[in-house]
Amino acid sequence: MAERKEIHMSSATFGEQGTPPSSRLWAMHAAIAATSLAAAGMHFAVMGEHFKEYAPFGVFFSVVAWLQALWAVGLVLSPSRWLLAAGLAGNLAVVGVWVVSRTTGLPLGPEPGAAEAASFIDVLSTVLEVLIAVGCGVLLARPRPMAFLRGRASWVAVLALVLVLAPLTTAAIASSSGDHGEEEAVGHGEGQPEGGSDQPGFARIDLGDGRTLQALVDAPKEGPAQIHLTFFDADGGPLDVSSVTLRGTSPSGPAVDIPTSKFETGHYAATLDLEPGAWDFELDALTQDGEQITTTFSIDVGDVDGVPSTVG
345 MAERKEIHMS
355 SATFGEQGTP
365 PSSRLWAMHA
375 AIAATSLAAA
385 GMHFAVMGEH
395 FKEYAPFGVF
405 FSVVAWLQAL
415 WAVGLVLSPS
425 RWLLAAGLAG
435 NLAVVGVWVV
445 SRTTGLPLGP
455 EPGAAEAASF
465 IDVLSTVLEV
475 LIAVGCGVLL
485 ARPRPMAFLR
495 GRASWVAVLA
505 LVLVLAPLTT
515 AAIASSSGDH
525 GEEEAVGHGE
535 GQPEGGSDQP
545 GFARIDLGDG
555 RTLQALVDAP
565 KEGPAQIHLT
575 FFDADGGPLD
585 VSSVTLRGTS
595 PSGPAVDIPT
605 SKFETGHYAA
615 TLDLEPGAWD
625 FELDALTQDG
635 EQITTTFSID
645 VGDVDGVPST
655 VG
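Positions 345 to 656 (this note's numbering) are the ones given, in order, by the sequence shown.
Think of the hints as simulated: they come from the structure by calculation, not from any bench. It should be emphasised that the depicted structure is a prediction, and the values quoted were computed from it without experimental measurement. All residues carry an ideal CB built from backbone N, CA and C; glycine is no exception. Among the hints, a few may not be true.
What the hints assert, rightly or not - The following label-pair restraints were derived from C-beta to C-beta distances:
id : residue 1 : residue 2 : range
1  : GLY449    : SER596    : 50 to 60 Å
2  : ARG425    : ASP628    : 51 to 61 Å
3  : ASP550    : SER587    : 14 to 24 Å
Generate coordinates for the entire structure from the input sequences, incorporating the hints supplied.
Structural data, given as C-alpha cells:
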C-alpha cells in the first residue's frame, strides 16, 4: 500500500515526462522575463540618439525600456495573471507603433507621415516583443493558477537573466553604433579636402553657410558597398533634408542613378555594387525649408575593406 501511495503522489506531482509542472512554469517565466530584459536593454541603447532627434521619442523609448525591465523583474519575483495581461497588451502596443512608423509613418515627430527605414536593432527588439506577447498569451491560456516563485531561486534567476541580457544588449549596441557611429566619426573629421579626399572611400563637401556633407563609402572586398551621406548644419548638428537624388559615374564611364533611403534626420544611405576606382558623384538635395542643394564630389573607392581607420 505504501508503494502504491508513493507512486500516486509522484504522478500527481510530476507531469507525463517526469518534469514538475512548477519547473516547466518557471522555465517559461524565466524565458519571457529574459526576453523582456533584452528588449529593454536595446531600447536603453538607442534612447539617447532618439532624444537628440526628437525629445518625445526619447521619452517614449525611456518609458518603454524601464517598463520592460521592471515588468521582467516582477514576473520573476511575483508572477500573476494581471502582469501577464499587461505584458501582452503593452508589447503588442509597442509592436503596433513600430509597424506604423515603418509603413505609413507616425503622425508626429521631425517628419510626420514619413516612413522610417528599419535597422537591425529595431527589427530584433520587435521580434523579441512579439515573442513576449506570444509567451504571455500561452501562459494566460493555462487554466491552472499561477505559482509564485520565492526564495533564493528567484534571486539566482534574476542574475541568470542579467547574464542573458548582457550579450544581447552588447550586440545591439554594437549594431547601433556601427550604423550611427560612422556618421558621428565622420562629422568630426578635420582637414579634409572639399569635394574630394586623399582617403579612399571618404569625402567632405562644403555646402555653404557653414554646412557640410560627409560622404562615406564602405566597400568590402566581397558583397555590395554602402554609401553614407550625412548632412550637417552650421552648428554641427544634423541638417534636415527631405529628399536626396544621387547619380554616380564609374571609372569605366557609365553613369548610374543610385537610389537612396533615409536612415534618420540628416543621414541617407544606399547599397549597391561599386566598381573599384575613382567615382564622380552628382547630388541634388532638398532641405525641409525648401532650399535646393546641388553639389558634386569624387570618391576613390579603391580596394577599401571597411571604414577608413583614420577618419575621426
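Status of the hints after comparison with the structure:
no., hint, in the structure
1, GLY449 with SER596: 50 to 60 Å, "violated (39 Å)"
2, ARG425 with ASP628: 51 to 61 Å, "holds (58 Å)"
3, ASP550 with SER587: 14 to 24 Å, "holds (21 Å)"
This entry does not satisfy hint 1, going by the numbered hints stated previously; all others are met.
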